[in-house]
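Peer 1: Sequences listed follow chains A and B, in order. Counting from 1, one number per residue, gives the positions in the first sequence under UniProt numbering. Counting from 1, one number per residue, gives the positions in the second sequence under UniProt numbering.
Some hints could be false.
It does not matter which identical chain is meant; a pair holds if it fits inside one copy or across any two.
What the hints assert, rightly or not - Here are the simulated DSSO-like pairs of lysine-lysine, each with C-alpha atoms no more than 30 Å apart in a straight line: (1) 206 x 169; (2) 149 x 50; (3) 177 x 206; (4) 169 x 73; (5) 14 x 73; (6) 142 x 177.
Quick caveat, the hints were computed from the structure, so don't treat them as lab data. Note that the structure is a prediction, hence the values are computed from the model and not measured.
Protein chains: 2
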Amino acid sequence: MSGSVTIVGIGPGKDALITPEVQTAIAQATDVVGYIPYVERIPARDGLTKHASDNRVEIDRSRHALEMATEGKRVVVVSSGDPGVFAMAAAVLEAVEHGEAHWRDLDIQVLPGITAMLAASAACGAPLGHDFCAINLSDNMKPWSLIEKRLRLAAEADFAMAFYNPRSKSRPEGFGKALKTLRDACGDDRPMIFARNVSRPDQAIKIVPLTEVTEDMADMRTVVLLGSSQTRIIERDGAPLVYTPRSVAG
Amino acid sequence: MSGSVTIVGIGPGKDALITPEVQTAIAQATDVVGYIPYVERIPARDGLTKHASDNRVEIDRSRHALEMATEGKRVVVVSSGDPGVFAMAAAVLEAVEHGEAHWRDLDIQVLPGITAMLAASAACGAPLGHDFCAINLSDNMKPWSLIEKRLRLAAEADFAMAFYNPRSKSRPEGFGKALKTLRDACGDDRPMIFARNVSRPDQAIKIVPLTEVTEDMADMRTVVLLGSSQTRIIERDGAPLVYTPRSVAG
């Protein structure tokens with residue numbers, strides 16, 4: 001039997017957002033590898049060994065997956081959301097590029113999933129309905145100056161924006177700095193959307209004008225969206241709907 | 001019975017990419033509305049009426065869906081990919097905002113799907129593995145000058161990029177103009193990825209250095225990705241793997 005590494009996305013939380021393709025890969029796996037809370041979402045069964053590891057060991061975890069595949073195992077690497085968006089696919093490929101030459105011959109596949117920003121967007125309407133960008137606000141792996149530059153250019157391009165990893169206990173100040181940059185660069189009161197625990201039973205969506213946002217509205221379980229200058233809010237009796245129109249006047 | 005409008009994404013082509021949440025919504029619908037080839041993907045059954053319409057009538061189609069929901073129907077509006085990414089969710093909400101006041105009281109939901117750029121990214125590795133943007137290259141609904149401005153700013157921000165609707169029979173020249181702008185703004189030979197019919201049996205992935213791209217490589221069935229300046233190609237016996245590393249040196 002020849003081994004394989006399949007890097008899958010299990011969506012942002014709700015099992016009904018896991019694609020059948022990913023369910024099949026998990027059903028056929030001999031080993032599942034990933035960050036503890038994501039591996040916990042995979043049901044135990046005979047013939048499946050679970051290998052849960054902590055955050056920030058993505059390269060070690062990737063090497064472990066590649067080693068097991070070399071031994072003939074069918075390894076599934078689980079990511080939350082989509083594996084290609086700030087998740088495990090890039091980590092595994094980084095390990096392949098800099099690792100053992102024979103790892104390149106392995107059967108390596110990436111299976112897409114529902115990424116948090118699109119689940120968040122759907123939960124409040126269609127704020128990413130026109131051109132948009134996705135930025136990881138953590139400065140663990142890139143300099144803050146680059147994040148700031150990207151925020152300013154994204155505002156100038158009038159993209160709607162999605163922010164992953166907006167704020168953590170070890171980085172309490174980044175989101176406040178990002179807000180200052182965005183307020184300055186956008187210069188208006190477009191809506192910012194905080195989607196916490198998106199698609200889970202305790203999902204909470206807040207829509208807040210950019211000038212009224214406070215930095216404690218975000219944490220690591222929140223994905224944050226920001227409208228473009230064109231984004232509209234439809235008020236109604238229930239939760240408002242937010243969308244960015246498909247067209248921009250010439 | 002009170003009606004509803006549920007705007008769903010059926011992914012880029014393969015049924016195994018349709019989420020169970022969307023499958024359930026389709027199974028409970030009385031009416032399905034959408035562009036002809038997407039409605040064709042929904043299996044016929046008793047109790048389900050299909051309403052297929054041509055391209056470019058998104059607002060009429062949306063109003064029709066809202067009218068049927070007002071009459072008590074459970075209407076599903078189908079989009080390819082994700083309904084919130086250059087698809088029907090923004091169109092329906094535009095119709096709600098400018099339409100009958102009572103449409104705001106309807107049960108309106110958006111259910112996310114696998115959008116083409118993430119299926120394309122997965123098919124070749126993880127080229128969108130770091131900060132990225134998504135741009136619709138059609139100038140049917142925005143001026144070309146805005147597209148060009150966004151391309152230049154996205155290159156300056158060093159985003160990886162995804163391009164929807166790169167080229168059509170009625171707009172044969174736009175993609176060539178975009179290429180010229182991108183070559184000038186990027187100034188390097190980063191990989192461009194052409195993913196045609198992504199996730200379908202006839203899926204074709206081409207990875208081409210930006211300087212060697214010709215405009216006929218794209219059509220309306222292709223989603224185009226462009227790496228950032230950091231994007232890497234892992235050569236091997238099979239198809240190469242492309243990824244954008246998670247980190248940028250300080």
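Peer 1: Please go over all the hints and tell whether each is borne out by the structure.
Peer 2: Okay, the hints, checked on the actual structure:
Taking identical chains as interchangeable, the C-alpha atoms of residue 206 and residue 169 lie at most 30 Å apart only when both belong to the same chain, with a minimum of 21 Å there against 42 Å between chains. In the homo-oligomer, the alpha carbons of residue 149 and residue 50 never lie at most 30 Å apart, since the shortest distance is 41 Å inside one protomer and 48 Å across protomers. In the homo-oligomer, the alpha carbons of residue 177 and residue 206 lie at most 30 Å apart inside one protomer (20 Å), although the nearest pairing across protomers, at 40 Å, exceeds that limit. Proximity of residue 169 to residue 73 under the C-alpha cut-off of 30 Å is found in neither arrangement, the shortest distances being 37 Å within a copy and 47 Å between copies.
Taking the shortest Cα distances, residue 14 and residue 73 sit within 30 Å of each other both inside one copy (28 Å) and across copies (27 Å). When the C-alpha separation of residue 142 and residue 177 is checked against a cutoff of 30 Å, the pair qualifies only within one copy, where the shortest distance is 15 Å, while the shortest distance between copies is 32 Å.
The structure does not agree with the numbered hints 2, 4 stated previously, though it agrees with the rest.
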